[in-house]
Amino acid sequence: MDRGAAWSSDRRGNKNGRGGGGGRQHGGDDEFNRRPHSARGGRGGGRGGYQDGGPPKRGRGDSGGRGRGDRGGGRGGNEKPMALTEEFIMYVATELKSLRDDPTVAQLTFPSTLDNTQRRYIHNMAAKHGFHSKSTGKADARFIFITRAKTTATMQTVSLRVPPTPLAISPETHAQMVEFLAAFPSAPPAGPCPNNCCQHHHQQKTLVPMAPPPPAVSHGAHGNAFAKKPPPPPSPTPHVYGDGQRNLPAFAHREEILALSAAHQVLVVAGDTGCGKSTQIPQFLLDAHGGAAGRVVVTQPRRISAITLAQRIADERDVALGTDVGYAIRLDAKYSAASTRLLFCTTGMLLKWLSSDPIGTAFTTIVLDEVHERDKHTDFLLILLHLILPRRPDLRVILMSATIQVDKFASYFDQCPVVHIQGRMFPVLSCFLDDVLVLTNGDHVGGGVTTLSLADQYELKCVMCNSTAFATEVELGMHVAMCFGTDWAAPDDATPDELAVHHPTASNLDTDDVLDSLEGSVCDHVRQILDAKKKALKAREIDQMVSQYQLAQDALDMERGIDVRLVVELLRHLMSARYGDGAILVFVPGWEDIVAIADLVEMDGPLMGDLVLTMLHSRLSPAEQRRAFQRAPRGKRKVILATNIAETSVTIEDVVYVIDTGKSKQSSVVNGYTALHTEWISQANCAQRRGRAGRVAPGVCFHLMTTKRHDDLPPFMTPELLAISLEEIVLNIQLLQYHARDTLGFESIAAFLHMALDPPTDHAIDQAIAALQLMGALDDGHELTFLGWKLAQLAVPPAIGKMILLGHFCHVYDCLLYACCALTFRDPFVSDLGMPPSQKEQRKQIKRQLGQTTASDHLVVHAALQQYLDAKRTRRVGPFCQQNWLVGTTLEHILGVVKQVGNEFAALGYAARTAGGPTNMAMAQAVLGSGLYPNLMYRASGGGNFTTKDKFKVKLSSSTVLVYSKPGKAPPTGGQVDWVCFHDMMQSDRVRVAQVATKVSPFAMAIFIGHEAVLEDMDNDNADNDGEDDAQADIVRVVIDDWAVLHMVRSVAEMVLVLRTRVQDAFLRHLHHDTKGTDAAIHDGQLLRSLHEWMYHETQ
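Note that the working numbering has the sequence shown beginning at 1, numbered continuously upward.
Hints listed in this document are in silico derivations from the structure and should not be mistaken for laboratory results.
Any given hint might turn out to be false.
[Stated by the list, open to error] Only pairs whose alpha carbons sit at most 30 Å apart, straight line, appear in this in silico DSSO-like list of lysine-lysine: (1) Lys-128 to Lys-955; (2) Lys-953 to Lys-97; (3) Lys-97 to Lys-955; (4) Lys-665 to Lys-408; (5) Lys-840 to Lys-872.
Make a model of the complete structure from these sequences and hints.
What follows is the structure, given as structure tokens:
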């Protein structure tokens, strides 16, 4: 059936944008308009924690199932799952993608022929992508409209202005504000900037020109800066390559690679999985220098890859790691700045070094490994190398990639030569969803599958020896049980793609006899069982099995996550079937999926007793990750639960089976918020994952998707540079330009980014520049300001860096430093994923007690880190973590980030301040609100959901410590408004969920929040005819950035606007260290003391 005929969401243009009705008319909809046929309930419960020497031990759920995220324990028994066909789900995804990616598409219109389940699904998926959806009309004329901005019933854009928040300050604060402004009736003179290079204009939108920087900050890890002259080899004795190295396919291309590298500045090496490119080519380049000095730096997209590759090469060369061979990643490094010649590092580390050495004089060869992954740092580095190479004719660049988009990389560097290395690839059998359901006997379908006679549709034929003419199924079965078939052998000229076997399915029969007779490799065994089972089913029955499975799942769950039950069922099958030995590598999107699978496995005693469960995830320490590379004890089978960290570079030697869930976590910008969603991967990712099964022996890859879904996947993932906010990238471009003194040859930010392999849109670039200008990091000419210069040197995002600087100015530096560094990593508390409500509430109460607050999740994290340090001093770490549901490894990582960022601030002249007493939490909350802006939302006090600036409904995370009165039955009218700032947002089942939140008082809004504030008179059209109180008549509005509205007495509003400007100017003076011994110092000191007192009293 033609998909466009089934659901024609009309995107035809007219004078009012996109719109129209269209779509399928009545009749013929049965294939797509299916109603849910089964209910799902009792999915709450789950685990109670981790065993990490600290957090509580795992507990069983109260209701025997699992919840996910913030859904409060799963669906109730009365709520039906969204049973939808895969075709409809893929159609909706395509339409929403067109609205997201094409600015000329103003809106989508879905037809009136959809049923309620399909409509509900469209509304939810539109919200996930950051769109507004609205159903209008009745009966046959009821359409769904999808737009970027919220609209009225007549499709007019809704005003962003929110209902006014009343601000009434105490008489004491009012009197003190009057007294302060009487003592300082005018703003203090700006005073000279360093070297008299900049002026302060006391206006709200002042952007200070960049002053000369302070003394240069060392950019080497742990204070080590590279010597500009690369080191000579430690010994004149050349490295001798062992048999293991010589047998790798890469070694046969050694001379070709060295010759081409000598003749050309850039070389692309395309190597299949297992060819040895990552371990051997860096050594070829290093040894090519002979007795001459040289330094080779190799970038890796992941930390674990840099560490494992450096260790492997150090072992092969029989040197201590950190001497001739080393590595450098964030918070961990083993190398000598003076003598290391081969250095593995993350791409971000190399960019950090190049920011102070723009043409890379410390390196003779730069190798970019796994360049096909196209992360933001790799694409940035490609642009930079394009600019550096003409200025460094002696520099050599090697791009190493899987066989993905090789021609595109070669074309980018003027058709540079390409070396193709065929991998030492073993055959891999590819199985898809239908195969998995048949192998596991259709247990997920629920009703099972009726086995029909083989003679009903198929000729009775042995799939192993091709014998025919069997009279009955019994006779065929007797033959199959004794048949050894023929040995499988790959053709001499077979390619890796030809070795990847694709097969349909078979079904339910007793396979014990067949298993006993199997010969050949693992993929032969699985294929033979699959073929035997397939013969027991008709083709339509297999299709029906897949359809029943898909309709039994909730469409929202499957689009936003994975079916962990199917993964565990497949693990049970692989553990019980006698296909052959080998570890099982399971690719999942994120940490919560790893935990969910681990929980279900642990609940199955016999299964858990047969395997060793290991994990690969960035949140784990290197020591914990190394467990995945160790072989399992005799009699056990290793199962590795991993994210896409295991897709490339790292090799787990004993992997034979791969389970590919087809999903990964991907960042995207949704209405200005950066969100992390679970999304389908690309065909290239599937190929990479499949290749993990064929590295050391024949293997099998189970793709948990249909072949139709696989074929519909994009060929490659969207480059990260096209999916993120560009503020940090733009700031790094200007810092690079500053250090290079405009010698790299690009004229503007846009010109630099337009040189990318896949350039971001002008709209995205302009948005980033505008955001940095509002922040004060760029001036009107897009040049760095003094603030921007400092923010660009910090290892945190620009907004977080400014928030910490503001915290330093407001004397809450320590608190903000710890809380903000935690934001750059992850929540140190045990996840409440899958916990029953009783455990969630217990966890929440423990957090409140720990932080002594019900107003800020951020301040709870700060309290946790401080008390963890106290526990370390008294050697009570284990009991402390267990009692407070904390993860020790996460706390240690955050403390490492705190130390690094603290050192960077100190080098910029902002040392930690000695606390003169307890932290003023009200001031800390105000600074958090200012720094996290525009991540701000509101609701009428006592109401239900919060609302963002863009009119999206948002709930607080179930794990928040914030306390509000429960919403009443009727929505409140008038009165107070609650404001909350938040770190990030995720899409839950029905609404968005704000993560890590802090309350913001109206007084903090008036002084700290936003960029521009203006005073407006109130409309008094509704005043009482008999007259109005004079005070009420003098109420005015203060409007912040044309959306957040406060109303207050005029005299207070006028003082508030003056104080906003004074605070901004005082912050700029603090930034320039420009107040010592001046009248401004007296003013700013008294201003801060007063603000602390006012904020404390007005926030209570």
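Going through the hints against the structure:
Pair hint Lys-128 plus Lys-955 holds up; C-alpha atoms about 14 Å apart against a cutoff of 30 Å. For the given pair, Lys-953 sits about 22 Å from Lys-97 by alpha-carbon distance, which is consistent with the 30 Å threshold. Taken as a hint, the Lys-97 and Lys-955 pair is honoured in the structure, with Cα atoms around 25 Å apart against an allowance of 30 Å. Using a Cα cut-off of 30 Å, the hinted pair Lys-665 and Lys-408 holds, with the two alpha carbons roughly 25 Å apart.
For a cut-off of 30 Å, the pair hint linking Lys-840 to Lys-872 stands: about 27 Å separates their Cα positions.
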